[in-house]
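Following the hints, put chain B in place on chain A, whose structure we already have.
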Amino acid sequence: MLLLEKLVSASGVSGNEDEVRSLLKSELEKKDTGYRVDTLGNILVENPEVEQQGPPRLLLAAHMDEVGLMVTSIEDGGFLRFDKVGGIDDRVLVSRKVLVGSKKTPGVIGSKAVHLQKPEERKKNLRAEDLYIDIGVKGKEEAKKYVQTGDYVSFYSPLQELGHSCYKGKAFDDRAGCAILWELLNEGRLPPFHAAFTVQEEVGLRGALVVGNALDLDMALIVETTSASDVPGSKEHEQVSRLGAGPVLSIMDASVVVDKGMLDTLIRVAEENEIPYQFRGFNGGGTDAGALSLSRAGVKTAVVSVPARYIHSPCSIINREDLHYTRKLVELFVKEVKGKK
Amino acid sequence: MEKLLKELTAAYGPAGHEEEIREVIEEQVKDYVDSCYTDTLGNLIAVREGAGPRLMVAAHMDELGLMVTHVDENGFLRIARVGGVVPHILVGQRFVFSNGTAGTINHEKIDELKELEWSKLYLDIGCSSREEAVEKVNVGDVAVYDQEFKNLGQRYLGKSMDDRVGCAVLVETIKRLPRQLPQEVIFVFTVQEELGLRGARTAGYALEPSYAVAVDVTRVGDTPESLVMDVSLGKGPAVKIKDSSLITHHGVREIMFSLAEKNGVEYQREVLERGGTDAGSIQLTREGVPSGVLSIPCRYVHTPSEIVDKGDVENAVNLLEQLCLYPWKEV
Chain A
1 MLLLEKLVSA SGVSGNEDEV RSLLKSELEK KDTGYRVDTL GNILVENPEV
51 EQQGPPRLLL AAHMDEVGLM VTSIEDGGFL RFDKVGGIDD RVLVSRKVLV
101 GSKKTPGVIG SKAVHLQKPE ERKKNLRAED LYIDIGVKGK EEAKKYVQTG
151 DYVSFYSPLQ ELGHSCYKGK AFDDRAGCAI LWELLNEGRL PPFHAAFTVQ
201 EEVGLRGALV VGNALDLDMA LIVETTSASD VPGSKEHEQV SRLGAGPVLS
251 IMDASVVVDK GMLDTLIRVA EENEIPYQFR GFNGGGTDAG ALSLSRAGVK
301 TAVVSVPARY IHSPCSIINR EDLHYTRKLV ELFVKEVKGK K
Chain B
1 MEKLLKELTA AYGPAGHEEE IREVIEEQVK DYVDSCYTDT LGNLIAVREG
51 AGPRLMVAAH MDELGLMVTH VDENGFLRIA RVGGVVPHIL VGQRFVFSNG
101 TAGTINHEKI DELKELEWSK LYLDIGCSSR EEAVEKVNVG DVAVYDQEFK
151 NLGQRYLGKS MDDRVGCAVL VETIKRLPRQ LPQEVIFVFT VQEELGLRGA
201 RTAGYALEPS YAVAVDVTRV GDTPESLVMD VSLGKGPAVK IKDSSLITHH
251 GVREIMFSLA EKNGVEYQRE VLERGGTDAG SIQLTREGVP SGVLSIPCRY
301 VHTPSEIVDK GDVENAVNLL EQLCLYPWKE V
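Residue numbers (this note's numbering), protein chains in the order written: chain A, 1 to 341; chain B, 1 to 331.
Quick caveat, the hints were computed from the structure, so don't treat them as lab data. You can trust all of the hints, since none of them are fake.
Here are the simulated DSSO-like cross-link-like pairs (lysine-lysine), alpha carbons at most 30 Å apart as the crow flies:
| no. | chain 1 | residue 1 | chain 2 | residue 2 |
| --- | --- | --- | --- | --- |
| 1 | A | LYS104 | A | LYS84 |
| 2 | B | LYS114 | A | LYS123 |
| 3 | A | LYS235 | B | LYS109 |
| 4 | B | LYS120 | A | LYS124 |
| 5 | A | LYS104 | A | LYS144 |
| 6 | A | LYS124 | B | LYS114 |
| 7 | B | LYS109 | A | LYS124 |
| 8 | A | LYS123 | B | LYS120 |
| 9 | B | LYS235 | B | LYS262 |
| 10 | A | LYS260 | B | LYS136 |
| 11 | A | LYS123 | B | LYS109 |
| 12 | A | LYS235 | B | LYS136 |
| 13 | B | LYS30 | A | LYS260 |
Each pair of labels, with its calculated beta carbon distance range:
| no. | chain 1 | residue 1 | chain 2 | residue 2 | range |
| --- | --- | --- | --- | --- | --- |
| 14 | B | LYS175 | A | LYS338 | 41 to 49 Å |
| 15 | A | ASN213 | B | ARG274 | 23 to 31 Å |
| 16 | B | ASP72 | A | ASN273 | 27 to 35 Å |
| 17 | B | GLU287 | A | GLU141 | 48 to 56 Å |
| 18 | B | SER128 | A | ASN186 | 48 to 56 Å |
| 19 | B | GLU19 | A | HIS237 | 22 to 30 Å |
| 20 | A | ASN273 | B | LEU227 | 51 to 59 Å |
| 21 | A | ASN213 | B | LYS262 | 39 to 47 Å |
| 22 | B | GLU19 | A | VAL92 | 40 to 48 Å |
| 23 | A | SER165 | B | ASN74 | 31 to 39 Å |
| 24 | A | ASN186 | B | PRO327 | 57 to 65 Å |
Yeah, the Cβ is synthetic: ideal placement off N, Cα and C, and Gly gets one too.
Just chain A, with the same shape it has in the complex (with noise of 0.2 Å):
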């Protein structure tokens, strides 16, 4: 099975990483690659010869955490009452799938049925909070015997291939990202920067902050997934990326200004090799990009992105081709600025 698979079918949401982490950390033993998890649980690839190389002591970022949802509540009924954990639209809830709690109780999201809504509530979108979760029990008791509040709750969404070239699949954003760099660490020799896998990105960049607390750097990449919104209805210079058109160089988001040397030397590696790319015609949002580039001097960040439509909902859609070049452009990047040590 591809790592990606296995990344993504596994649950991770914000503050509840055990399962990716754990995955990870089993393939970095494989290879006796040493890394440590600190304090919030970030796991750490730390490469001794990047101190003694010298400037610029690059650290590769992704983030193991995605969105999902906690259960709040547990109704007389045996109905679960739930709040979102990260950014997710409320019309994208209903009727899915999920899996509640460490024992990956099987449930479904349901809301009242359309003959019983009276007809302005059938205008409505539905809500979070108009929203709950039924995993088939009979009254609040028997609830308790599989779930308790405070579960965590992730969407239940296999991997599938789609057409020729894409994946359909939940949390490629950024279990993408994590591929990505773990192959990247995976090739023989350890190579030349730190490796993090962090927590909770989704729930404000939480795990990268005190990444960028524990290590002086230089220089910071990040390694994620943004929203390609290539789809009908939305205008060319509405749309944030394109499936299929390559790695999205960010240039500003709501978190951070890229280093303009890390964006040109990006831009000339892909244009050398024959990379595909395209720029993140957006602004807003944040990466964990953001708060590395704060921690404490000030460190030089950029941003590559692997492009993936339908973003924070159960059903995300990439493109290999994105995903294989993403990975040539990061691996490329750093033979660039580590002078091919």
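For chain B alone, kept in the frame of chain A given last:
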């Protein structure tokens, strides 16, 4: 002062692209300080050496702008804001890029002003095709307000008084300071203030100041039917008590009040309900830094036409000079 302020407001320097304004300021101050350098994020740091504690004085170099997000086949540019720019003041405004390319903002058809949102705005740089446009500017390039500096008599009118007037106050103070200071004073011209007080944060970390004072503009409540605010143009610089980013350190604030009173500098007490300054991020670096803010009252902040008062600017220099000469020991 007028010549300096005119030069500083004219320099290009949107948040994240402060190279040009940095060069202008460096040229102004380098002969008056012991050392001058640029850090990782691009802050310009000008050091006046001295024994004793370290006072950090900060003003931000960056200004607002618009970033190109897309170039369409007819040569029109789509844009996103860099900093707190609002759509309704943009229509009809001229903008200019770092390479001199100019253009004007207009919008797709709308029925009511409230429909004016970012996706409806575009920048017309006078090109008729994508090919022609990308010869001049491309996605990621940032344009700033294209507005001339005017002397209105007792007041100055221009773009980016926020915070080039603060930069001018620092530059002028640096030039007036005597050879011997009772402490080390580090003047920091910061980057990316408009995007969230970013440059000040990393500079604050690196410099480990004992105290910090930010110099920035503040809003006023003296225009027709304005929001209530107890600061007016022409009644002297303001000593900040609170804004959304910080409650100024009591001791630092008291020193500012007493120095103003002792030296006959007219000043105002400022409580700003919304808005932040570099001092907000400096005070939270490392183990905390006692911080205050010297504000210059400014009308129409963040529009292409900001107004400041000559006397307020002059008195801000006077007070900042006293702050640098004051022997900072215990607050």
